[in-house]
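Listed here are the chains, written in short residue letters.
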Amino acid sequence: MPLVLNDEQRMVKDSADGFFASEAPVSQLRKLRDEKHADGFDRGLWAKMAEMGFAGVAIPEQFGGAGLGMVAAGLIQEAIGRNLSLSPFLSSAVLSATILARGGSDEQKAALLPKMAAAELIVALACDEAARHTPAHVATRAEAAGNGFRLSGTKTFVLDGHVADKLIVAARTSDAEDEAVGITLFLVDPKLAGVSVSRKILVDSRNAAIVVLDGCQVDGADVIGEVGGGYTLLEAALDAGRACLAAEMLGVAAQSFATTVDYLKQREQFGQKIGSFQALQHRAAHLFCEVELARSATLRALQALDAGEDRAPFYVSLAKAKAGEVAKLATNEAVQMHGGIGMTDDYDIGFFMKRARAAGETFGDTAFHGDRLATLMGY
Amino acid sequence: MPLVLNDEQRMVKDSADGFFASEAPVSQLRKLRDEKHADGFDRGLWAKMAEMGFAGVAIPEQFGGAGLGMVAAGLIQEAIGRNLSLSPFLSSAVLSATILARGGSDEQKAALLPKMAAAELIVALACDEAARHTPAHVATRAEAAGNGFRLSGTKTFVLDGHVADKLIVAARTSDAEDEAVGITLFLVDPKLAGVSVSRKILVDSRNAAIVVLDGCQVDGADVIGEVGGGYTLLEAALDAGRACLAAEMLGVAAQSFATTVDYLKQREQFGQKIGSFQALQHRAAHLFCEVELARSATLRALQALDAGEDRAPFYVSLAKAKAGEVAKLATNEAVQMHGGIGMTDDYDIGFFMKRARAAGETFGDTAFHGDRLATLMGY
Amino acid sequence: MTDTDFRAETRAWLEANCPPEMRQPVESDGDVCWGGRKWRFKSDAQKIWLERMAAKGWTVPEWPKAYGGGGLSRDEAKILAQEMQAIGARSPLSSFGIWMLGPALLKYGNEAQKCEHLPKIARGEIRWCQGYSEPGAGSDLAALRTSAVLEPGSGSGPGGDHYVVNGQKVWTSYADRADWIFCLVRTDPAAPKHLGISFLLFDMESEGVSTSPIKLISGYSPFCQTFFDDVRVPKENLMGEAGKGWDIAKYLLTHEREMIGGMDFAATGRDALHQLAKTALGDAIPGLLRADIVRHEIDALAFGLTMERVKDEAKAGQGVGALSSMLKYYGTEVNKQRQELIMAINGSDSLLWEGDTKHEGDMAKSWLRSRANSIEGGTSEVQLNIIAKRVLQLPGA
Amino acid sequence: MTDTDFRAETRAWLEANCPPEMRQPVESDGDVCWGGRKWRFKSDAQKIWLERMAAKGWTVPEWPKAYGGGGLSRDEAKILAQEMQAIGARSPLSSFGIWMLGPALLKYGNEAQKCEHLPKIARGEIRWCQGYSEPGAGSDLAALRTSAVLEPGSGSGPGGDHYVVNGQKVWTSYADRADWIFCLVRTDPAAPKHLGISFLLFDMESEGVSTSPIKLISGYSPFCQTFFDDVRVPKENLMGEAGKGWDIAKYLLTHEREMIGGMDFAATGRDALHQLAKTALGDAIPGLLRADIVRHEIDALAFGLTMERVKDEAKAGQGVGALSSMLKYYGTEVNKQRQELIMAINGSDSLLWEGDTKHEGDMAKSWLRSRANSIEGGTSEVQLNIIAKRVLQLPGA
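Residue numbers (the working numbering), protein chains in the order written: chain A, 1 to 379; chain B, 1 to 379; chain C, 1 to 397; chain D, 1 to 397.
Next up, chain A with everything else stripped away, as it sits in the complex (with noise of 0.2 Å):
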């Protein structure tokens, strides 16, 4: 397949580029910041993303969606990453309508996939119990009981959990050699007895709750996909949020990169622009280039997605890898360029760094991507 968008795609990428910068540029996230809003995004903001199609980007169209794939999220998430706006498109529709669209049975695909798909319902993803990503590790444990489960552990870093109306929690029903085996996932009310979910806010001015399970009792029709099956769901969730991480992080890279050239061209020092310094001048073309290498590698993920290779999670992992870095290069050298206005929060760039941060530690840094990318070549 060429690695150039295609028509669909192309429209998908201009709509969202136009939206996000109008509907939700980084004044909106200073705004939410500032007034330490509830949601921490504005719900408004999010039920036009549906009008849009967006929230039912990754979710079919016989329920609801708009079935257009990983590509086009990439390019929504790469919009997104431009304009620094928040709203619960990775968490819901991404990680989650990714598990369900999946894995869901035929009555949780009609109960919650439309929901989702207008931004009437969130689901978040409870996967993470360790700072450093590895899924793997799963300690909670789902025990039967009752007509189903009962649920016991403590879940940390879930995106956007304060909000979630439902949420999927991985738990292990069984121990195995291989820790990838006999873990399940469930879909989880968080007002259920024995659910407790606390904010925290991040760097980044996003949120990650963290959940504790205390004896949670689930029904057996819970349970998504098959019980003890639930890692291979959670990888295709994972790498999906993946590759659209790695494009948010190429939106990120790449208007910081636009930034600081136009601050280039506009800032004299020493009585000549500051553009003109030859040193400067190379680091930009460098990260000029840098950019550009992030941009292939996440389409070439996004794509490989699509295609359902059995590749793609090479690709997710270089794209999330390179673009990790890339993204961290970017908002650094731009703050520096950028001089003491860079460290001050009245101007934006800041922001642009801090989500970079956010954003590559999130489902595993370039370290855990690089080590993957090892593994999978054989290595």
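Just so you know, not all the hints are guaranteed correct.
[Unchecked claim] 16 Å max Cα-Cα, derived EDC-like pairs, lysine to aspartate or glutamate:
hint : chain 1 : residue 1 : chain 2 : residue 2
1    : C       : K315      : B       : D345
2    : D       : K315      : D       : D29
3    : D       : K193      : D       : D247
4    : D       : K365      : B       : E51
5    : D       : K215      : B       : D178
6    : A       : K115      : A       : E51
7    : A       : K273      : C       : D140
8    : A       : K36       : C       : E354
9    : C       : K78       : C       : D5
I should point out that these hints are in silico values taken from the structure, not numbers from a laboratory.
We have chain A; now place chains B, C and D onto it with these hints.
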């Protein structure tokens, strides 16, 4: 101990700097290379190095040496690095002298060290067996036989092996759980039956022989130190060699850097001195810092060896790792900043890059010493 | 007194006089005493410790006794520092007066200025801030435009007794908490850029001075914008000659560079990064992260040794000089890298910003704070320019 | 013809016409045919293979048939390349004529020049070299001083029929083995630097041309110094207009950049670095080396995808353009890093230079050769300048 040279060391430095610049400049290396010299070094120079006390720098005064220690040895080798001077200094005066001075019997010391200090006898160390340095991997066997041992195995990368009057060979006298145990060091005459030495010319115009031992019979009196306890001696010698290599790479880096700065001040392009281009200025300024860091780490390692600190191996690996990276950077930047002329054999800078690579590889590269450093930190 | 005697005496005095509370590790901002008229001591112990140390002149051990210092030799000062470190004693007083203005006053101030200002710095009575950068004159410091005009004289004299200062400074550290400012002003607008600058000292309570804190991306506000609106400053508050302020500024910048570059490494009990990693992650450290940590430690250790070597060489009179830019540049880059790795080691925990637990947000804030290291006190780019020009003497640099 | 038919036909033709020997991997220099008057075919098979391919125009598949090309569409050319790769067929002919002069002739040459030179290039009869750089004019190519002066006319005409060329070129690739040179010369010394330059073609056997090989640090001599001493060149050998040579030069440099940047990645069967490491070291790869390899592979893979994307975008008409500098810069840096890592993986074996075994010295020579990648065809610094100026449009760049 303060990180400065004392008066004695400064005298050594001055005399070594002057000596090698006048007696063994890069042009001598070029000449020996071009005429495919049989020895690969000038025996006249080596004799003069003995007169100067350099050949005996690490040999105690009671055995005819200068007994000046490792800081002094490092200063000599730094000057060697600046001038790319060829001699068996590292192999005989540092590595082998360290082993014999530390572990040799009184007879061995009396018989060998004075001649080594006088440059009348060259002793080379045969340790490595694999392409990547792994000193404890010794497959060469020493089976008890006659009134001594019978040695069989193949040694690679025996520095100056082709001109050695004696070899020090590491061989396994017993198997042990820990690879480091059961290694014994032997003095071997390369003219013995069952020993074959083949010279290999390296990229830096130095030599490292392959030594094949095919049931070569040695005497019990040829064992250096204790049977099975050779590894400690070996490591001590290797650390002395590594610290001196760090010093040599410091010299290589500093000289390449100085040459490059001179070139930046002379060469014109686009109507101005290329040294006025800020991108090159910043790279040169960064390189200046890196060379200073390598200098500090190297001096600390040499001092730690002289003081017999327990942490000496830690500092040696730090110095070898850092100086290796800096020499690589400095020589590559030197070639790049020289442009086309730097790629020509007629110009000297390429010799520095070649030596930096070979010295970086010798007795463990930065990856080896970074890993060793981490292990020493319990990590 | 021999060094051995001095050490024994010092140890005994510290044991007797350093309050137990002042031997606890510094935990929060208020634990570090900055002094000044507005300072509120966090505890009696903090106040007593400052008074006792100031009485001995040991807030500034190497300054002359005549100006409130301890009159110690360099070796004695080193012993004092070692003995304080041995019992974990906190520094009794931190201030820009001690680190920056003091050394400049000793070198460039007149006797009256030294007698007036140095003892107050030593006793923590007056807290100073630095008025250097201006909007539009960041790295290009000498482009500053804050003006100081001598008032017309009354009658026949050559001019009045006061300068009238107008303009705006930015990045003034803690201007809102400082009592006095040392300030670069332009006294001769007609002179070439570097020559029309003078060095002025004045009270921040003077009429016409106002400050406004700048909120940083870390959420902290250590810097202010500072405005001068017809501020009248007595003529005798000029330090050095009029028009020679740039020399003093350069001298001070050198001090600042060394301070910032060495800051993190001077911190007592700085843990090695691999220890932090082992504590946080146990033995299962991802291969690429381990490699990054090892490479960082190599640089950090070699840099630490270089700081040591530069000091030792200076003491031995062997230094190559002009190395403060190297220390500033490399030290801040190493520190930034270290903060980046601390974040990586701690994964999602490092991202916490606000929350109920005590130290939540600290990690991210330290990381963000460190980003400024390579900007403040002369950017990394300016340091590299200086090395290229002064050390390497490259053309046109 | 449909692509499917074309593929089937091509496959059958290749099967029937590509000699088995020409399906073996390239092992040494002589295995690659460069053509020209001085070429000595290594084997009959090499000669036959060239003749058969040239007869079909498939040495230059996309050139028009009229000029000796194959007249294939881009898609057809891709199919041909795939089918050749599938049976491991060697390229029948490599040359600067094909890669560089040909495209420029097609764009800037007149009909007579195209008819004269293109078929000879396609058939491998004439081997070309490039006369660009001069001593003192390396990165600053336009500073060249080789002069071409029109002979005074005989009688009343505006000038004679010949240029007289004097000067010196350096870094002329294989000038000692080439038949003709395409050469930048200064025809108007009075015009501004970039405007006085013309593009001249002439025979290397002309009187007054001499070459002297330059020995490189790798031991190879792929470049020469080339001297022109009153070389008479017919006026009609001027390509394009007099004084407009710089435009042609820039066009050609773009081609050269893409070629050098993509060189290593275009190589058939390039092994991934981790495979080399596993083969050389087994599973016991030191942690830091493994990390370096992984990081390199990330960059190399992302760069490979970028090469692909740039081509695909160009085809789809979506390209951002001016990316040849990016490919040249990044591709050569990645390749240099790769060579560095191959040396590290192979440890002391990589250092071998001369010896009895067949491939001894190859690794070190490839490593040394790669150092020139970021210098030849415009240094990395020049590429970064171009990106800053043309793509980012930074001021004063």
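Would you check the hint for K315 of chain D and D29 of chain D, treating anything up to 16 Å between C-alpha atoms as holding? 34 Å, violated
Sort out whether D247 of chain D lies within 16 Å of K193 of chain D, counting only the CA atoms. 13 Å, holds
Is the Cα-Cα distance between K273 of chain A and D140 of chain C 16 Å or less? Holds - the C-alpha atoms of D140 of chain C and K273 of chain A are around 12 Å apart, at most 16 Å.
Against the 16 Å threshold, does the CA-CA distance of K215 of chain D and D178 of chain B hold or violate the hint? 50 Å, violated
Does the structure keep K365 of chain D and E51 of chain B at a Cα separation of 16 Å or less? Distance of about 38 Å is beyond 16 Å: violated.
Hey, K36 of chain A versus E354 of chain C, does the alpha-carbon distance stay inside 16 Å? This hinted pair holds, its Cα atoms lying about 11 Å apart.
For K315 of chain C and D345 of chain B, compute the direct alpha-carbon distance and say whether it is at most 16 Å. 44 Å, violated
Restraint status (C-alpha distance of K115 of chain A to E51 of chain A at most 16 Å): 12 Å, holds
Taking 16 Å as the top limit, are the C-alpha atoms of K78 of chain C and D5 of chain C close enough? 14 Å, holds
When the structure is compared with the earlier hints, violations turn up for hints 1, 2, 4, 5 and for no others.
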